[in-house]
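Undergrad: Each chain, written out:
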Amino acid sequence: MANSKSSVVLPFLVGVVASLVLGWWAFPKVLYSQKTQPIRFDHVVHVEGQAMTCDQCHTYRENGSYAGLPTTAACADCHSDVQGEDPEEQRFVTEYVQQGKEVEWLVYQYQPDNVYFSHIAHKDIECTKCHLDVANMKNPPVYYENRISGYSKNTMKMWECERCHAQNGASNACFVCHK
Amino acid sequence: MGLDRRSFISLVAGGVVGSLATPVVWKTLDDVSIWSQNWPWIPRLKYGEETLLPSLCKLGTDAYGVQVKLVAGHPVAAYGNPEHPLSRGGICPLGAASVQLLYSPSRVRSPKKRVGNSFEDISWEEAEALLAEQLKSAGKDVALVSGDDTGTAAEVLAGLVAALGSQQAYFMPSEGAAAAAALKLLGGDGLVGYDLEGADYVLLLGADALGAWGTTLRNAKAFADGRERAVRVVYVGPAMTATAAVADAWIPCTPGTEGVVAMGLANMILERRSPSKVAGLAEFRKQAAGFTPDAVATRSGVAAETLLGLAKELLAAGKPLVVPGTTAAQGLAVSDAAAALAVNVLLDRINMPGGVMVLPWGPKVVAAAPDKKAMMGRDVVGYLAAVAAGNAPAPKVLLVHAANPAYALPDLKTAQTALDKAGFVVSFSSFMDETAAQADLILPDSLTYERYDDAYTPYGSGQANYTMAAPILKQPLFATKAAADVALGVASKLGADLGFASFEDVLKAKAEALGLDFEAAATGSVWLGTEFAVQQLDLAKVQAPASAATAADLTLVPVANLKIGSPKVATPPFGTNAISPRELQGKDMVVAMNAATASKLGVRAGDAVTLSGAGGECRARVRIFEGVVDGAVMAPLGLGHTAWDAFSRGKGANVFQILGTQADVAGFTRFATAPVGVRKA
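Chains A and B supply the protein sequences, listed in that same order. First residue of the first sequence? That's -9 in the numbering used here, and the numbers climb one at a time after it. First residue of the second sequence? That's 5 in the numbering used here, and the numbers climb one at a time after it.
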């Protein structure tokens, strides 16, 4: 009888543990592919080295909409020629600036088209509340792309938006974000 | 220890239970649901640099400047252009939908040739060769109907027709043509404009200035500004239109009697003030004397004391302006326009600040083309009626440009008969409109945002103006081509060189003729004329207006409404949301009449009725509205399309089907109102 009991409980527990390990450790590794940015952009050298502020490159347009990432032309204001000794900068100048190409940056937090997000309405909130703290990173973080949905692992989920809205007394009506 | 069946099941069960406490199931379900939102056929937003480029909207009956917003080179929205004098930042419902219309399902995406009852896609080479072949065999028997009476494209097409030896080049009906004909009747020469910004009293005789009449957006801005200067706006007309609803006063009149009211006012003004230096005054006085207050009251329903009040207000105002027009924004009687012009003459309001401004005809650059003045002096309705009746030879080739005559002409059955009689109908429509649907060859024109376009002094402008638009898309979205470029190419093939290699070159010549820098014009600089031709008007030539449809018990009052569409385009998808149950219920058009008229006809609100007119019958539902005079039935124009797309096809009825015509002076046709019969369906 005892034998019979152990032949049920033990495999059951093994199954539970195995699936927990697979589910929490292996599954994320399988679910996300890892990508690196086309250019190893060093934020620290710009923020600390050149004392640049975030809004010098990540600008608002006149109408208040957010321009997002700078264009190659904007980067070329300083990098029309190679400035330093970083081989990545050299590659950026020769492969993008000189050829008039835009860099296909991987954006960590692109929202789906059906989400309307206004940066200027959230301008008093710290960028790092939602974004990775890239300003303090010499190397851009790895971009994890969800193999099923195609979105970045860091793309904010709706419950996160709702929680912050609720905590700050902002409306959570559908039309606030879904126009 | 072996793994027996029982252990295996336990292992699997444990695995399943354990997996429920991991993200595997829940995360996969969530990601699959997100994946399903991003299937490749679901449209995606474009991201990239945002730019605003100036362009033109010519989808309604006027033309004005807009700004088109592009994201990464893709047009996404059109806004009003604050810099443009004819819009001053405003935009009409069709302009607001103009970017959407670029992608309309009804766009003709390549040239098409009729094969039996359907079309076959053909290449541009084949299409142009077919056009050249047909034109060659037609010889002089070629005709043109264009709906673009402000653009130079029509000049190029008319030049082609003229170079082939034909004088049969027509514009679709417009109030501008009727007003210019009225001016000509009085011995003047030019386009008729109205300095609405400068007037301190505006009497609108039927002109639905805030609906679809004239320079609609500019009118609205002028009236808004006028509020601050205490400008009084009075509307005379048979129905409470958009303009009547916000005017300082609405004076109801019997449909089609606005000209009679004008003559009554002229009579009263002459009794109180005898202007000097007006040619033909004695003869005109005799004509006007017949329009006594009582006679006018009998015919128009405007009480004698009301008319007297209006005359006194006109005489007391410093800068009064009388503007003739219609609720349909077309079909104005030349005689009515002449009567209103005569009142302006008596008040010394010609070429005066805040008055009627006589604007010069634009320069012609295609030497072979007929003068625009000559083209605007021809009546397309009369021409097609003559063709239908066999009184004029049917053209072997009929070119239709920026127009939809198989839908938007009065006495529609007659116009369609004429189209049927034409040997070979070529439509340059960008959309599968009713004319394109029955054409033999469709050569789809690019839309304004895809090509060069221009507009010279749309009707109603207070001063001459010229706006050019360069293409804002590098390539047309589909295999379309500018009609003017097609005409230039075909002319060259036929040995009838029009003097230009491309439409861009034509516009360069036009800019030069106006003394305008081409590059500046192509990037949004608007030319404004400041010369007003001195006029020697002779009132002896005014022909007293007859009331339209005076014998009718019941009169149809069609009202143009830009959200429903225009003679050029059907209801855009945006417009369908704005059409109210007061205009369309289910698939039935809604017509409005007052309770007394409904009672006389034995119908009630919501009843289905059959309207009968000159060319046939159509179905509608009754709405009771006291903003319509006795004996009038107000109906929305722009419904009842049979071609186009799901957004406009099969909704309501086409009022043009029952809109009869009436011969007018100067060889024109009046059709802004017409007799109608109503019976329960």
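Among the hints, erroneous ones may be present.
What the hints assert, rightly or not - Distance ranges between label pairs, derived from CB positions:
#, chain 1, residue 1, chain 2, residue 2, range
1, B, 322, A, 166, 48 to 54 Å
2, B, 585, A, 101, 33 to 39 Å
3, A, 129, B, 478, 37 to 43 Å
4, A, 115, B, 467, 47 to 53 Å
5, B, 586, A, 156, 40 to 46 Å
6, A, 95, B, 16, 43 to 49 Å
7, A, 72, B, 581, 44 to 50 Å
8, A, 166, B, 33, 24 to 30 Å
9, A, 109, B, 506, 40 to 46 Å
10, B, 81, A, 115, 53 to 59 Å
11, A, 118, B, 234, 53 to 59 Å
12, B, 424, A, 166, 54 to 60 Å
13, B, 129, A, 74, 52 to 58 Å
Derived from the structure by calculation, the hints contain no laboratory data. For glycine and all other residues, C-beta sits at the position ideal for the given N, C-alpha and C.
Undergrad: The structure should be examined with respect to each hint, and the outcome stated for every one.
TA: To see whether the hints hold, each was checked on the structure:
1. B:322 x A:166: 48 to 54 Å: holds, 53 Å
2. B:585 x A:101: 33 to 39 Å: With a Cβ separation near 38 Å, residue 585 of chain B and residue 101 of chain A satisfy 33 to 39 Å, so the hint holds.
3. A:129 x B:478: 37 to 43 Å: At roughly 39 Å between Cβ atoms, residue 478 of chain B and residue 129 of chain A fall inside 37 to 43 Å, so the hint holds.
4. A:115 x B:467: 47 to 53 Å: holds, 52 Å
5. B:586 x A:156: 40 to 46 Å: Roughly 42 Å apart at Cβ, these two residues keep to the hinted range, so it holds.
6. A:95 x B:16: 43 to 49 Å: holds, 45 Å
7. A:72 x B:581: 44 to 50 Å: violated, 55 Å
8. A:166 x B:33: 24 to 30 Å: holds, 26 Å
9. A:109 x B:506: 40 to 46 Å: Holds - the Cβ-Cβ distance for residue 109 of chain A and residue 506 of chain B, about 44 Å, lies within 40 to 46 Å.
10. B:81 x A:115: 53 to 59 Å: Hint violated: Cβ distance 29 Å, outside 53 to 59 Å.
11. A:118 x B:234: 53 to 59 Å: Check passed, 58 Å falls within 53 to 59 Å.
12. B:424 x A:166: 54 to 60 Å: holds, 56 Å
13. B:129 x A:74: 52 to 58 Å: Between residue 129 of chain B and residue 74 of chain A, where Cβ atoms are some 56 Å apart, the hint holds.
Hints 7 and 10, counting from the list given before, are not met by this structure.
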